[in-house]
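Taking the hints into account, I'd like the entire structure generated from these sequences.
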Amino acid sequence: MTSFTPTRRGFGALALGATAASLLPRLALAATPDDIKKRGRIQVGTLTDYPPFGGTDDKQNPAGYDVDVANLLAKAMGVELQLVPVTGPNRIPFLLTNKVDMLIATFGITEERSKQVLFSNPYSALTTYILAPKGTQIRNAEDLKGVRVGVARASTQDTAVSAIAPREARIMRFDDDATTTQSIISGQTQAIGASNTVLAQLTASYPNLQIEPKFTLRAQANGMAFRKQDEALRDWSNAFIKSITDNGELAAIHQRWFKAAMDPLPPMPQF
Amino acid sequence: MRSFGPNEVFYILAAVRWTLLLSIVAFAGGSLGGVVVALMRAGSIRALRWIAFAYIKIFQGTPLLMQLVLAFFIPGIFGLDVDPWAAAAIGLSLHASAFLGEIWRGAIEVVPRGQWEASGALGLRYWAQMRLVIAPQAIRIAIPPSVGFLVQLIKATSLASIIGFVELTRAAQVINNATFQPFTIFGLVGLTYFIICWPLSAYSRRMERRLAEASARA
Amino acid sequence: MNYTFEFAQVFAAWDELAYGALRTLWLSAASMAIGLVVAVLGALAKNNGPRALRIAIDAYIELIRNTPFLVQIFIVFFGLPAIGIRLEADQAALLAMVINVGAYGIEIIRAGIESIHHGQIEAGRALGLKPLQIFRLVVLKPAIQAIYPSLTSQFILLMLNSSVCSAIAAAELTAAANDIQARNFRSFEVYFVVTGIYFAMSLLFWGIFAVIERAFLRQPAVR
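Protein sequence lines correspond, in order, to chains A, B and C.
Those letters in the first sequence? Residues 1 to 271, by UniProt numbering.
Those letters in the second sequence? Residues 1 to 218, by UniProt numbering.
Those letters in the third sequence? Residues 1 to 223, by UniProt numbering.
Pairwise CB distance ranges (calculated):
{"#": "1", "chain 1": "C", "residue 1": "136", "chain 2": "B", "residue 2": "198", "range": "35 to 45 Å"}
{"#": "2", "chain 1": "C", "residue 1": "122", "chain 2": "B", "residue 2": "132", "range": "37 to 47 Å"}
{"#": "3", "chain 1": "C", "residue 1": "81", "chain 2": "A", "residue 2": "204", "range": "17 to 27 Å"}
{"#": "4", "chain 1": "B", "residue 1": "198", "chain 2": "A", "residue 2": "204", "range": "30 to 40 Å"}
{"#": "5", "chain 1": "A", "residue 1": "256", "chain 2": "B", "residue 2": "206", "range": "52 to 62 Å"}
{"#": "6", "chain 1": "A", "residue 1": "209", "chain 2": "C", "residue 2": "80", "range": "11 to 21 Å"}
{"#": "7", "chain 1": "A", "residue 1": "270", "chain 2": "C", "residue 2": "60", "range": "53 to 63 Å"}
{"#": "8", "chain 1": "A", "residue 1": "61", "chain 2": "C", "residue 2": "51", "range": "44 to 54 Å"}
{"#": "9", "chain 1": "C", "residue 1": "80", "chain 2": "A", "residue 2": "35", "range": "51 to 61 Å"}
{"#": "10", "chain 1": "C", "residue 1": "204", "chain 2": "A", "residue 2": "204", "range": "45 to 55 Å"}
{"#": "11", "chain 1": "C", "residue 1": "80", "chain 2": "A", "residue 2": "146", "range": "15 to 25 Å"}
Calculated from the structure, these hints are not laboratory results.
We put the beta carbon where it would ideally sit given N, CA and C, even for glycine.
Listed below in structure tokens is the structure:
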């Protein structure tokens, strides 16, 4: 959203200016910390539709856990931060087609994904569950037989549900968590795969549905993501994550957004 | 957890300017391209006619969704930094060029052959014939369907949300993810599109009727 | 260029793409057929029906023509359950497409009906044609000839629009593409191939429409 904030120029000038400026070629070689410092600006992809990790504030500027981490990171590097809004399904394409230098986008570290991108050590964690109304009898993956299960396409819960659900389960893939959540609210799905943050929102907005976690899909460790060749930037970021973990800045961010003390970060998953 | 309040309504309505701006830029870009496509298609050079024909068929024969996605990813592959705004503007302009080109070719060809012959006999060359005789008549015929297409284009900008451009539809999705009020939100969005598009549709229809009556009298 | 193409991963999922393409073809063909019926009935009702019905049809046409298909399909899929009608994603997609093409179809058919001049019917009568012959030769055929180009391009647009149905988890080609790229992350390659498949399907429909036109709608050679 930051990248679309209009200036005070006239509409036409704005339109032409934006189009012309964005057509200028930019060398898309490996982004090392030195390159970025020389450029004076880092482009970080974050979610804006996944509060409280990546959402928007009252003034609709990007805000959340990831945004705070990105701000600290840019400050530590001594460069200007340019946030680029990404969505769950398009964040890897954004990274691979050089539209951002890195992702801080609540990106779960998985084996599949680490074939495509480089991950930092975990800097946040969340748990995903199968959620369903209280009356629905689901205790394990086997019980999903014949059940319509909604997931956000390309999310870690999509991968997890696809892996464990029996053949007879009917997995329905939607574009994002909001649409997935809408599907259980409207009764189009009987269960959904989603995280504890979605559960909290469902409980707050729709207490009458009595949605509860049925079983845990996975405890997810989120990492920052980089293009395969950007090992230097990854190493720099790992050192950065260690420093904000040690000095308590990361715990403060967690406290601000989740109103709870931060559990120790999970270890880096090994594949 | 945020609730759906005046701030949120304002955010969604403020995104209308991006829908409008994108529509205007795409319609302007599409008009430039459309003139070229129409002239190539209605012209006498065989190779150009075929190129324009293929161009129209490709853009009319593939989903706009895919055209936008490709407009977004192809430059990135070649190391060009194109943001969603530019990708959407370029993708929609190319799309509009094909549709407007076809509409305008039709309008040029509806002008009776005799007009070309008569103005040719008066010693006018191609460009003068086009400018003084053919275009004024063709434009009159072309206005209703062009405005009709503008309505399609305004609605089509909603697909730019898929490549991350924050216009009306994307703004609604962002708010929906924070407030979980899909009905209020998408109802508001539907209504907003309707308010923008309906006067244009009505205008296009009225012009069309007037034109039909005029030609019936003639 | 800082990008390696990997089309092999896309073609490895050819069975999913083929299934998606077949679903899209089915969804499009079914909604064209049902939509045509809706359009004809709607046009007749709008021309001859009682005033209240005419107003209702007008409202339907204006609502559909002036709002995006994405919003329409969301309301069908997520809204109807609120009044007790729960449709499967594929049924909801079909219904939304029929509702959409119906609104455009009514206007197109009405234009066709209006294109017939009364004088021609009388001329047919004067030539001694029977009422059924008049309807078939003087009314129906010229009317279809007049609207055929706009009707068929509306059908092609409908087929291309069906790509939006992936938003409600309906099974069709774009949903297949989204699922494949969610697994292998080769978005560009997947979308490039799928764009080609859509184009091939457009060519197929154009071809079918041209064959139908040649077989049934060509003007008799008498001039």
